[in-house]
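Asker: All chains should be modelled from the sequences, with the hints used to inform the complete structure.
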Amino acid sequence: MPEITVQGIGKSFGPPGTGAAALENVSFSARPGEFVCIVGPSGCGKTTLLKIIGDLATATQGSVRIGSLSPQQARREGVFSWVFQTPVLLPWRDLIRNVALPLEIQKGRRARDPEALLQLVGLKGFEHHRPAQLSGGMQQRAALARALTFYPQILLMDEPFAAVDEFTRTALNVELLRICREVEVNVLFVTHSIAEAVFLADRIIVLSRRPGTVKAIVEVPLPRPRDNSIRASQDFREIAQCVESNIS
Amino acid sequence: MRRIKYFLTAASWPLASFAIFIAVWQLAVQAFHFDKVILPAPLDVVIAAAHNFRRLMTETGITMTESVLGFLAGAGGAFLLAVIFIHSRPVQRSVYPYAIALKSTPLIAIAPLLILWFGNGMLSKVVMSAMVAFFPVLVSSVAGLTAVDEAMLDLMNSLSASWLQILLKVRIPNSLPYLFASLKIASSMAVVGAVIGEFTGSTSGIGHLLTTSSYYLDTPVVFAGVIFITLAGLLFFGLVALTEKKVVSW
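Just so you know, the protein sequences line up as chains A and B, in that order.
Those letters in the first sequence? Residues 150 to 397, per the working numbering, in order.
Those letters in the second sequence? Residues 2 to 251, per the working numbering, in order.
If you are wondering where the hints come from, they were derived from the structure by calculation, not from laboratory data.
Mixed in with the good hints there might be a few duds.
[Claimed, not checked] Below, in silico cross-link-like pairs of lysine to any residue (SDA-like), each with a Cα-Cα straight-line distance of 20 Å or less: (1) B:185 <-> B:115; (2) B:185 <-> B:66; (3) B:170 <-> A:255; (4) B:104 <-> B:122; (5) B:246 <-> A:243; (6) B:170 <-> B:151; (7) B:170 <-> A:249; (8) B:246 <-> A:279; (9) B:247 <-> A:278; (10) B:170 <-> A:243.
Answerer: Here is the structure:
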């Protein structure tokens, strides 16, 4: 698994010098095998940062390295894949054909079987349901299954559970950790929920308000595998407080 | 079985009102002795239709052939142009104003010119049908091909999808509900275009039948002709709506 190195990233919109900066001098790295969460208040540029790493946006300053590759090279090689805020499933396709979409785009690559992927995310039996027939949480599971198609080494997740209710979210958090153990993948996970970040991450990158800069990097030395009981522990609360004090 | 029953219940109201309307019409014509040339009774119309059934069917068939061909050409051309538009800003910017100008030109004003150019056979009517079907399909196709979730495009780009893959797997399916909304409008418009063409200059078709019959003051046949082309137009619309139900199933 490659190391992700983010070095002095800056992003400003509009012509240079007009001062609409979204990100300023963001540097951090994600070590192989790590689960890294990026948290910050709304509008701090966390999604923009993830898009720069995942080659969906370009930085105006600094550089990103994924192993020895640029984001563009890494995208072409299929090093990473995305899970977005919304499931972005095609409404006219059933689940199995949605999960199989990447196979139609890039033929002949080593890939996981769509059916096995649906089973992995707990959607066995829903192969022929249309997205509209499923809950938001189930749709996001399908999006996760689709993202795992080409054995990605890195998952880029942009607030994937922001739109589901609290109960579904905590359940999906546990599920995500289980799936990550099974498929061995690095995760870069953007969220504005501190509890979610502490529960999932090995390390938390805390971004400041606009323009986003790295305010703190918080280690999360909680033991793995984790389940929901950990949320009640003293350590969990202390780490969450530490993150919170850095945001406000 | 339940669906048939539901349909019968739903259909019974308009059928009842239709029956009353026809009965009042028939009785009124008999009671006030209207001239057949001004207002024929329903029964006169039915008799005229039966007498001229073959001719009515043939002429309706000709007009519908023109309409369907014009519809296919106009809608197909419009969809193709929409695909080009969304991939090329310069083309869209330089051509769209003329498409709007064409839409604003009354068809009836340029009909004589089209007859001069394309003759008084079927071709000129097909052209007129295509012209009226064109614009609504163009507008809604551009809207449908563009109204794609930004995140969906992000997903396709992250998979390094080509523009053709994005077009075929995302944009075109996404545009279908928009497309069919306009196809339903265009199907009715296409018939209007063909009939206007036949009014202007023709040797056959329902428009030709209507003009000649009204010259001879054969009003019952005029009525029958209007009814035939209306029913054919409804059938055309129904077929498009049925196709929509089959295709747009989500």
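Asker: Looking back at the hints listed earlier, which ones does the structure fail to meet?
Answerer: 1, 4
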